[in-house]
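Got chain P sorted already, so can you dock chain F onto it with the hints?
Listed in order, the protein sequences are those of chains P and F.
Residues in the first sequence are numbered from 106 upward in steps of one, following our numbering.
Residues in the second sequence are numbered from 4 upward in steps of one, following our numbering.
What the hints contain is simulated information worked out from the structure, not anything from laboratory work.
Each hint should be verified, as a subset may be incorrect.
Here are the simulated BS3-like pairs of lysine-lysine, each with C-alpha atoms no more than 27 Å apart in a straight line [unchecked claim]:
id : chain 1 : residue 1 : chain 2 : residue 2
1  : P       : K128      : F       : K187
2  : F       : K114      : F       : K187
3  : P       : K188      : F       : K353
4  : F       : K139      : F       : K35
5  : P       : K490      : P       : K347
6  : P       : K675      : P       : K582
7  : P       : K160      : P       : K119
8  : P       : K261      : F       : K180
9  : P       : K675      : P       : K311
10 : F       : K353      : P       : K277
11 : P       : K583      : F       : K180
12 : P       : K160      : F       : K187
13 : P       : K188      : F       : K365
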Amino acid sequence: MNAYINHIPVEFEKGMTILDVAKNYNINIPTLCHYPELHINSDCRICSVEIDGRKGLKTACSTPMHEGMKVITNSPRVLNARKTITELILSNHDANCTACTRNLNCELQSLAKNLGIDLNRFPTVLSRSPLDLLNPSLVRNNNRCIKCGRCVDVCKNVQSMHVLETMHRGHKMTVGPAFDDPLNDRICTFCGQCANVCPVGAIMEKDNTDIVWEKLHDPSVYVMVQIAPAVRVAVGETLNQKDGLISNGKLVSALRHLGFDHIYDTNFTADLTIMEEGTELIKRVTEGGVLPMITSCCPAWINLAEQRYADVLDHISTCKSPQQMFGTLAKTYFADKSNMDSRDIYVVSVMPCTAKKYEASRKEFSSFYDLPDVDIVLTTRELSKMFRQMGVDFSFMEEESFDNPFGITTGAAQLFGASGGVMEAALRTVYELVNKEPLKDLNFTSVRGLKGIKEASVNLGGNDVKVAVSNGLANAKKLVDQVRRGESPYTFIEIMACPGGCIGGGGQPYGTTNEVREARLESTYFIDEDMVCRKSHENEMISSLYEEYLGEPNSKLAHHLLHTYYQARK
Amino acid sequence: MTARFGVIDPFSIEDFTNHGGYDVLKKVLSMKGEDIIDEVRLSRITGRGGASFPTYLKMQAMAKETGEKYLVCNADEGEPGNFKDKYLMERDPHQLLEGMLISGFAVGAKKAYIYVRGEYQSAIYLLEHAISEARKYGYLGQDICGQDFSFDIEIRQGGGAYVCGEEFALLESIEGKPGRTRVKPPFPTEVGLFGQPTLINNVETFSTLPHILAMGGEAYGLLGSDFASGTKLISLSGNVRHKGLYEVEYGVSIRQVIEELGGGVPEGRAINMVQLGGACGPIIPEHLLDIDIDNERFEIFNSKMGAGAIIVIDDRFDLFEILIRTMRFFEHESCGKCAPCREGHIQIVKLLEKFYDTMVTKKDYESLVSLANVIHETALCGLGQTSTTSILATVEFFQYYYQQRIRQSERREWVQS
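So here's chain P without its partners, still in its complex pose (with noise of 0.2 Å):
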């Protein structure tokens, strides 16, 4: 089909939008609330053109185009209209950029610039009202809100959670929990998807990079860090490196030079999370315990299940995340390898979740003294916040190793950032570990990519069990419902929160869509053939942490630190 854009000839598909249409012939028009993922809402009204023949001014993103429409999108009437509006929004939003998170990297900001808005004819209408910094993960802060609706969509559409709403009318409108009651009060996971997806920064996580500022310059506490799976195929993007640029070793490099005593390695406790979670799945298959196991890695999925599904609680994994067997082992193994006090090691970790912030708060995830194991969590946007204040430059980092013993790790647990890898990671083990052979094919490419719930079937001991795994909490729901309709056909599910898995995480870099997602992932499956180990069971340092402190995988030591239990909330 034929029409015209700015005088110029256009082709395209029935259905096709004219931002879709603009978008192919590299023409710019600019949007606010639009995000490829989410539905349209067309409320900030900024790409509106004009359409010949029709009355008013059309909004691109969400009017199709026809045959022989002719679609004007840079007249002096749609320029006029895009200024008045951004000035309108800007006059209830508290601009006070150079004292923002988003500061140059805000779409409201930058929409500003690129319209040229140097005078806002309008005064501010802003009435202030309280940030909301009552829940470890999330703060709120509605002065900058912009009712843009991402976040209502993600939380609603995307997560299934209702929590956050539109409420009240004209500009008296806001956005967040119903009542306007802080989100730790509400049934709110704290995935961080909302975060995520927020053009400004009125939704962000709790900043801790202060505290761990602190920490690195006090000479009596010994910091390490970990970093999980998902960071390193993403933190380069914040370091205008390219999406989904693997980063290591200069990961590890730049670390060293924040100050960190020691850098560690999530991967190394996936592994060992693969190890006792397959036992225990084994376990459960052969002594008639409750299935399907459910994991139990995703703290937000976890925060969903005992605020939402108490009787399903028995089928979630007993295992701790790989994060908290990393705190555990570094205040009780490490610290008495290492002959030191346990509250002298500070463990922060790195993770692209929010969700794992709340997570290591967490009472029952203390080894000694009411200590948290994990002592304080930073997102990626966080640890590049950190690197850019110190002004770490990617390109001139050396290549650096992890170091020991929490070093050594396999390309099984690297595969824990994508959804799907946990399964993929458990199966090569328990595969070999029932099977007694080696498996063919080690990659299980129908639990791979971005779609919502995927399938596998897996021949073990003779008999072949279905697997399913799932991504995004809606889909964990219709998972999960079959679950407890007694329904489910499957023996082992994995559910992540985020729509990709962690590597689609709420703490991850902004601008995170699916085009990011699969570069992400891509990079995550490299590295798993990249590596000589590809199974967990296979890690060497694994094994010499069994002979050498744990015994066996879910042995009674074992239970007791890598172990924890779930109990249903509100």
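Chain F in isolation, oriented as in the chain P frame:
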């Protein structure tokens, strides 16, 4: 349409049937749906709720759809200055039900809702009574009038939001959600209530249908003028002697309505301004009153006749006081979904207050006009698209008021400094 007003007891279905009620329905039930829609097409009737969209087009679009379909009657009547729907529901509730039954049969819907504004408790009471009577007498429910046609009507009350008169906000409200509009397309006839095709019409549109089918579409189409057919209910209010509801044939002028029916302005005062349609309508000067109440001719005001309100304002009132009051209404009633409407109205009020206080500059005037235009052109729904009509119209017709205020403000500054 108003023939039975005051003649029949609105509580009595028998009174209604004795005066020819439900006769048309019985006749129509033997017709084909497409023939009914064709009659509606010939009648040239357009939506009476304000947007003046050809009624038959909506019905055709609905008839094409398959599966579950809904009919919705918009009885939210939130537009200040309008009270025609209230009269229609309170004086002749069965006429509305008959109109809905006819449309339901024509487009193949089985379930209907009447969304009545919560303030209209007496209308709700009467409608509920009428619905239960109609069920009792076999005009609602299964196998209506012995034919293979079932249809039922439910009442939903509005919570008082003006925006819920907008079709999508109304649907959201029926679904139990906050009254905020949706993105178009898809239109309600494609994806409407509970995701199903939905035909939404105003009370007056539905109430007209029995008369169209009684007279025949062609005969009805001869009524009125070249631009609009049939009769229209006019809610006349403001500074006139005889305020009230009038049914007039299209073609009469606004002056005729005010002078001949309304008895003119009392106490010998002069008409200064007349606001048409309601708060979202244009304000026009006295010398333009000779135009018809025709829909199409209102296009020159960037607006339509709307729901048929005429508010007469005499020479005692300040234009800016009226505009501020109107725009405060929209500031309060904007749902907050789209940016220009949400943030724009409060700025308009601020600018108008400067005019009212005689502390205004030419720049303020430019900002006001530009802002009013941007809201009108870019707002998502009918509320924002029409809210600034009064400003845009007065800028054209009462330009001297604006200029006067700017000059007075300048002079004041010179005197003070």
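Structure-based check of all given hints:
{"no.": "1", "hint": "K128(P) - K187(F)", "in the structure": "21 Å, holds"}
{"no.": "2", "hint": "K114(F) - K187(F)", "in the structure": "24 Å, holds"}
{"no.": "3", "hint": "K188(P) - K353(F)", "in the structure": "19 Å, holds"}
{"no.": "4", "hint": "K139(F) - K35(F)", "in the structure": "26 Å, holds"}
{"no.": "5", "hint": "K490(P) - K347(P)", "in the structure": "18 Å, holds"}
{"no.": "6", "hint": "K675(P) - K582(P)", "in the structure": "19 Å, holds"}
{"no.": "7", "hint": "K160(P) - K119(P)", "in the structure": "23 Å, holds"}
{"no.": "8", "hint": "K261(P) - K180(F)", "in the structure": "13 Å, holds"}
{"no.": "9", "hint": "K675(P) - K311(P)", "in the structure": "23 Å, holds"}
{"no.": "10", "hint": "K353(F) - K277(P)", "in the structure": "16 Å, holds"}
{"no.": "11", "hint": "K583(P) - K180(F)", "in the structure": "24 Å, holds"}
{"no.": "12", "hint": "K160(P) - K187(F)", "in the structure": "15 Å, holds"}
{"no.": "13", "hint": "K188(P) - K365(F)", "in the structure": "20 Å, holds"}
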